[in-house]
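Since the structure of chain B is provided, determine the placement of chains G, Y and W with the ligands on it from the hints.
Chains as they are written, first to last, in this note's numbering: chain B, 857 to 1233; chain G, 857 to 1233; chain Y, 86 to 436; chain W, -3 to 586.
These are calculated hints, taken from the structure and not from any lab test.
Take every hint as true, because none was put in to throw you off.
Derived DEER-like restraints, expressed as beta-carbon distance ranges:
1) G/T1166 with B/P1128: 41 to 49 Å
2) B/D1168 with G/I1040: 17 to 25 Å
3) G/G918 with W/L328: 36 to 44 Å
4) Y/P256 with W/L76: 36 to 44 Å
5) B/R1200 with G/T1166: 32 to 40 Å
6) B/G969 with G/G1199: 52 to 60 Å
7) W/S209 with G/D919: 18 to 26 Å
8) G/S1131 with B/T1078: 43 to 51 Å
9) B/S1120 with W/A297: 52 to 60 Å
10) G/V926 with W/L328: 33 to 41 Å
11) G/S1162 with B/A1107: 47 to 55 Å
12) W/A297 with G/H986: 18 to 26 Å
13) B/G1045 with G/G918: 54 to 62 Å
Quick list of in silico lysine-lysine cross-link-like pairs, PhoX-like style, CA-CA up to 25 Å:
14) G/K964 with G/K858
15) W/K381 with Y/K128
16) Y/K359 with Y/K199
17) W/K381 with Y/K167
18) Y/K182 with Y/K359
19) Y/K128 with Y/K182
20) W/K381 with Y/K182
21) Y/K157 with Y/K182
22) Y/K157 with Y/K102
23) Y/K167 with Y/K199
24) Y/K395 with Y/K102
25) Y/K157 with W/K381
26) G/K968 with W/K298
27) Y/K157 with Y/K128
28) Y/K259 with Y/K336
If you want the ones that stay clear, here's a sample from chain G, every Cβ over 12 Å from chain W, calculated:
29) E1080
30) E1102
31) K1180
We put the CB at the ideal spot given by N, CA and C, even for glycine.
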Amino acid sequence: MKVDVRGLELAYGDFVAIRNLDLTIEDGESVVLLGQSGCGKSSTMRCIAGLETPTQGTISIGDTTVFDAVHGTALPAFRRNVGMVFQSYAVWPHKTVLENVEFPLQMKGVAKGDRRRTVLQVLDTVGLAHLADRGASMLSGGQMQRVALARSMAMSPSVLLLDEPLSNLDARLRDDLRVELRRIQVEQGLTSMYVTHDQQEALALADRIAIMQEGRITQLGTPEEIYRRPASASIAAFLGVTNVFEAKRGASARVAELVGRGLSLRTADDMPSRSASVCIRPEDVRVHLIGTGHPSPAAAHDADNSFEGTVDVAVFQGSSIRCKITTDAGLGLEAVCAPPVAGRLDHGARVTVSVPAGNVMVLPATVPEPAVAEVAA
Amino acid sequence: MKVDVRGLELAYGDFVAIRNLDLTIEDGESVVLLGQSGCGKSSTMRCIAGLETPTQGTISIGDTTVFDAVHGTALPAFRRNVGMVFQSYAVWPHKTVLENVEFPLQMKGVAKGDRRRTVLQVLDTVGLAHLADRGASMLSGGQMQRVALARSMAMSPSVLLLDEPLSNLDARLRDDLRVELRRIQVEQGLTSMYVTHDQQEALALADRIAIMQEGRITQLGTPEEIYRRPASASIAAFLGVTNVFEAKRGASARVAELVGRGLSLRTADDMPSRSASVCIRPEDVRVHLIGTGHPSPAAAHDADNSFEGTVDVAVFQGSSIRCKITTDAGLGLEAVCAPPVAGRLDHGARVTVSVPAGNVMVLPATVPEPAVAEVAA
Amino acid sequence: GDLEDTKARTAADLLAKPEIDTSDGLRIDGELIAGRKLYQAAKRDTVVLYSGTGQEAEELTVARFETDTGIKVQLTRLPTNKLAERALSEQGAGRLKAGAIRITDPLVARQFAKAGVYVPYRTPFHGRLPEGTALTSDRYWASYYIVNAMGYNSAVITDDPPTGWQDLTDPRYKGKLGVVAVTTGGSVKALAHFQIDEFGAGYLQAQGRNQARIFDSTSTEVDALARGEISIASLSFNNAFAAQAAGAPIKLIVPEEGVAGAPAPLGLTEQGLKSPAARVFANWSVSKEGQRFAASQGFIAARTDIGRVKAGEYQLPPADSPRAHLLNEDQMERYNNADEQVWRRAFDYIG
Amino acid sequence: MSTTLMKPEASAAEPQRRTTRPFRRGPGRWTRLVGLPLLAVVGFLVLVPAGFIVLAAFSEEVPRPGSIGLDLTLDNFRVLAEAGVLAAAGNSLLIAVCATVSALVIGGFLAFVTARTDIRCKGFVFLIGLMPLFLPSYVGALAWAILGSPGAGLINTGFRDLGMAGPVNIYSVPGVVMVMAMYYAPYAFLMMHSAMSMMNPDLEDAASTHGGSTWRTIRAVTLPLALPAILGSGLLIFVLIFENFAVSQVLASPGGINTLPTFVYTLMNATPSRGNEAAAVAVVLVAVVVSVTLVQRRVLAKRSFTTVSGKGVKPRTLRLGRLRTPALLAALIYFVLSIVAPLLGLLLSAIRTSPYMSSFGSLTEPGALNITSFVTAVTSDVFVKTASNSVLVSLFAALGGTVLAFLAGYVVYRTKAVARGALETVSMVPLAIPAVVLGIGLLWTWLVMPVPVYGTLWVLIIGFVAVQMPQGFRGIASAIQSTDRDLEDSAVMLGARRLRAISFVTLPLLRVAVSSTFLLLLMLSMRELTVPLFLYTTDTETLSIAIYDQFENGGALREASATALVYCLIMFVLSYLPRRLGAKKGVHGA
Ligand SMILES: Nc1ncnc2c1ncn2[C@@H]1O[C@H](COP(=O)(O)OP(=O)(O)OP(=O)(O)O)[C@@H](O)[C@H]1O
Ligand SMILES: Nc1ncnc2c1ncn2[C@@H]1O[C@H](COP(=O)(O)OP(=O)(O)OP(=O)(O)O)[C@@H](O)[C@H]1O
Ligand SMILES: [Mg+2]
Ligand SMILES: [Mg+2]
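Chain B with its partners taken away, still in its complex shape (with noise of 0.2 Å):
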């Protein structure tokens, strides 16, 4: 069911955690919510469960308005048939496993026998099945998280919430789960909302992603859309986008000079006439080691902007190598890079980066807030 958020406002005692957030998740839709810690992601869940009462905005779920600030609507959590999985797990610490998980069942009034087929089928599914009878608070920490998986998956919601949901499992685990669970959602054609900190898993699950800065969505797009263009440096930089440069217009429209440091960049975009920054993300950083005798094919033709630099750490990241470089001009740049064919990309290497100009991003430093609309009575 699609869900609507208009406009809204929430506060802890004086603490504004969420201002004047607008958020639509389509029908069947997978969101992803993005964004630093604190950022009130969390909250925005809560608040669309139900389990706090914003201070203003409405909220509808399908064609029902389960929250209206105006209006005095506010359909109890339990109305809303929203599943949540908590990032603080809430796992019952008093129950079994096979207890916690079949309790939304339970609540639906669905018969013992089915029940308990139900329950093990889905704790098969999160790898639990074995640990069934066992007490929820003799559990490893993962599996509790996984407990917590089940319970939601369970209660099949209309809508999804998932808080960190696999923030404590293995690589292995997480990626079975991630596929699970973006199974059952586009089965189910369920409309969910996800909390993670992992692009990767960000990428796999969202249809759009939602970028959450200080209380409010900054950007809303699919995962391409967001990581080719960044509405802003910050969410660049968010994303992991490491080169982020102050800059303001040159010579010409698509040359960009890098503030207080006598250096330009070619860009593929127009410079805007007030200052923006550069924005480029490490893996469009070419390098290629001098003197291994190895001409690179690609900076030869298209490399708009070539520097000769030297490697100041390089560390290694299983497929490929992360390295910060400092340019001749005094530019630092980080770059991830394929392990060089020949020789190794050490401390001290001389290198040669480049980087395309339509890699080079312009883009303004924050996304401008809203005018505050006025929500009237």
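Below, chains G, Y and W with the ligands alone, put in the same frame as chain B:
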């Protein structure tokens, strides 16, 4: 200080969570513990910290034997100077952020003024200085986790145990804190043990990685060793090597015949005479779109195994694409590759996949269990 | 039950059973307590009695009345002040259940009369009550006098036992003396007045100098005396007498100068006026038998025409004797405050 | 709120504030109003009687039913300036402070060792913590008077038999403090036990890994997390001791120590009764308790005491090691002092034919001992009737009290209902009013109410529920504060109505606390004396009154002691019921 664990066994009632575990962490070394959810990572840490009483084995920290089941030695936790970040955070809800972090310093008898300075400094590191006076229960999940981290950092322990200390933080903060943790660890020569499910993190933080399976350590080595040479197929699978096939010795020692598939792969390792597994990392599977006119330079010369096939699924992953391919001979392979320069890797696209023989690993299915050494009294 | 039988037996031990004739109404020892009609009705009725006197004493009285008359009594016992609050409140709400109420303080009785708790009633024996001392209203009368005398623990003081009031100031008993706080009730007030009147304020001060231990209730004092906690005390005669009867090593003294006492007023309520049983109870309590029984329990009977009745080994002076210093309602009102001030100062008592 | 409506220009300056008004026709208004009916019920039970008291405090005449006058005056408050009142108040304060601290220490110690450690004979130690509840404090005080009075106390007699001087004087401030502390420690014990048995050991483990020794950990984490229970029981105990009359009367007065309760008693006992002035004292006490409650609320509001969270509560007990035996010994000493010795004292005075005993040797004389008093005590009709009344009334009152306390505690600490502060304060009011005074208020209330409960057992039940509201409320509230609300919310998210979620998650998690509260209320009802004194009739007499009457009768010490012993036995048997409920498997490791 060096941590030495020998023949550790821990039982919760009837359930044996750790069995015959041996592990040595050298002075100043950082070991990352990797393992499936529920394999006993937290339990191991709790034993080292002195929070659980093992049923067997010895633990020594530096020159002190802190636990010896046979002689009945058991130094209490607060004497061990072992810091620990709990998976459940264990942030004290009745104290403010500052009071939480201050506690270990207070215990050390640090003077009030110094204490405050250190605390604010540590809080600054984890980005919580502005919340110093907030009650610890009024924090978001990630903020609490950072309080837990700061508390352990403030104590300057001789051994630091971190149980998924960054699992609820966003990628950006995670990166920062990971670097910070590594810096502190290296600077202070801290011996540390770290649980994480995040490979990036494991690789970034580990001097060595310990793979834990079913309550024991099955492989211990540098990240590169582990990455390049997992000790068993199950470890490889755990580390994200999705292409694992059962095989037996084929026509020659360097040919593996995949069981039940009528298909052989050339390998760089010798096949043992008994059955084994062959494993191929998805990053090592090279994928080329057929018919884009670009002949793939690599495919031509060094692909010792090469097949044609069709793409089943392709998932966008930011800088790379993960796809599932079925070769015409019916072998399912997973590959992670850079987006093709031209054309799109989509469902149904025809591709050539190639795997260099040097990237086909031959591994036993599991690490054989050592004969259980009876500890003589 | 057994307990009731025990009580009846104890009552019989105190005073031999009277002569009862039920051939025509109820006649005890020759006095007609109830006519035939009244007695018939009363036997089907129950006395609802609220009482502020000691539990033990009232239970024995009830037991005696029940064996004498065959009429049942429902007893609710409360300390007088609480009883007063109860009765006045119930009366105000129109829910007063009691038929007869006995209390220990004449001033409360006056309050009851004013509030209409007590209603006018005359027993057939009212004429026998001495004029003046006992009969101040047509709504209640003194059923007997509660007496304060003195006593000592005979197990502790074995030689040269005390004999009179002056012994309370004897330095021999320094720290061993007990008195009950003057605020506690009518008879203690009577005692204070008697002592001040007879011996002067200095007498009380001397007791104070003797480090008298002050008790907030009569019963705790008697307990303390029984256990030897204190060895000599001015005390409620009836309580101490009961304790002695129950085996406590207590000896009572009826000094030469006499004893102090205050009336325990009894009256009927509106409910009681309608209740034959309550009326019989009222009559019985003023009858010779009722009065003699009270005397045998260690009270001073209100009637003076009942002959000499001993309480165990002791003989209290009759109400008309100069040795019976009885404080009536008016005197109590008149002297109360002044006496209390003197008493408080003497014992340095705040409460 | 209303000012904003009247002054629109002022509100325009603060647009943010205007929209956060809590009471307008706003969202969740129904859930916000749940507190009101509850407030009405509790308010009715508590405030009507209290209102009479307040009226009395300001009236010239006692405002009884039928004669409620409105001649208001402040004269009654002059009583506070009476000579010696300050000194008495000082004594009371000293005794109350010392005894409260001692009771908290005793109760806290026992709660800690039984809830969190591997002390030897844990079940028995738990009973030790509980047992003094079976002994009403006035019986305990009398027993201790028998044991420890300087003149004839059994202990001193024993010493003298051995040729030594009698060293014990219970008629002293330390003596009073000791007895008060011993008999109020179970309050602290029960409340802290439930708080501590639910604590997540991770929180303590975190302290020990960060360098806190066991003792430091207890001080920095365990105790502060039990703060709602400590403060709550401390407040209760303090006020109850401050007002306790029986112990003062039996132990303080004989030692010449004046206290405020004896003062109030004298006021009430004076003839004619000075009820108005007693009410004035009560009003002052109410003011004190209300402000202390507010302070307590402030202190607790700043912090959170959530110890049971959704990340698991792993049962773990602390190893006492070498302290196992000493800890048990300490508990045993308390057991002997609070139970064994007093009961033996009572037993001796029940079977001794003479209340006076010059030496223990005299007991060997023929006829010195017999047990007829027990036979007399238990076979009487009165005993059977009063005992069954007591049990019946206590069970209902404890049940009603627990339910009401749970509802109030839940509304106050778990909802955003309006008037929850008021609800808490009102719930605490009965604590402030001395029982004698409150008893009268209840009498007036139920006499004028046009419902036919006066004169039945119901009026006792209702009265007990009202009087014990503070005890019940504090017991439950401190436990509610320690469970994470996410646990309950998750049940709601999974489709349960709020009530269902409470019964599925919150109640079971609070089982220990709920059953302790029930137990506490049950025992208090069995012991309750002052309130039934005003409300009972012959048919509804309770055992506590029967015993009080016996003790009130000089000389009936034998029977009184025998009945008191049987009474303790009944309470012990009764207490089995809730303990069964509380002892089932739970989140706390046994
Ligand atoms: N109190 C307990 N009683 C019984 N079994 C327990 C208890 N605590 C943990 N276990 C079991 O012991 C095993 C190891 O638990 P541990 O917490 O060490 O796992 P872990 O490796 O930290 O897992 P995770 O990554 O999920 O946190 C698990 O299978 C768990 O179910
Ligand atoms: N009970 C509370 N009282 C006051 N402030 C609170 C309370 N709960 C949360 N906050 C604050 O509100 C903000 C938003 O909290 P929220 O839990 O929604 O963050 P989040 O986005 O989920 O963060 P995380 O990723 O760390 O879990 C945080 O800054 C937090 O400190
Ligand atoms: Mg959160
Ligand atoms: Mg773990």
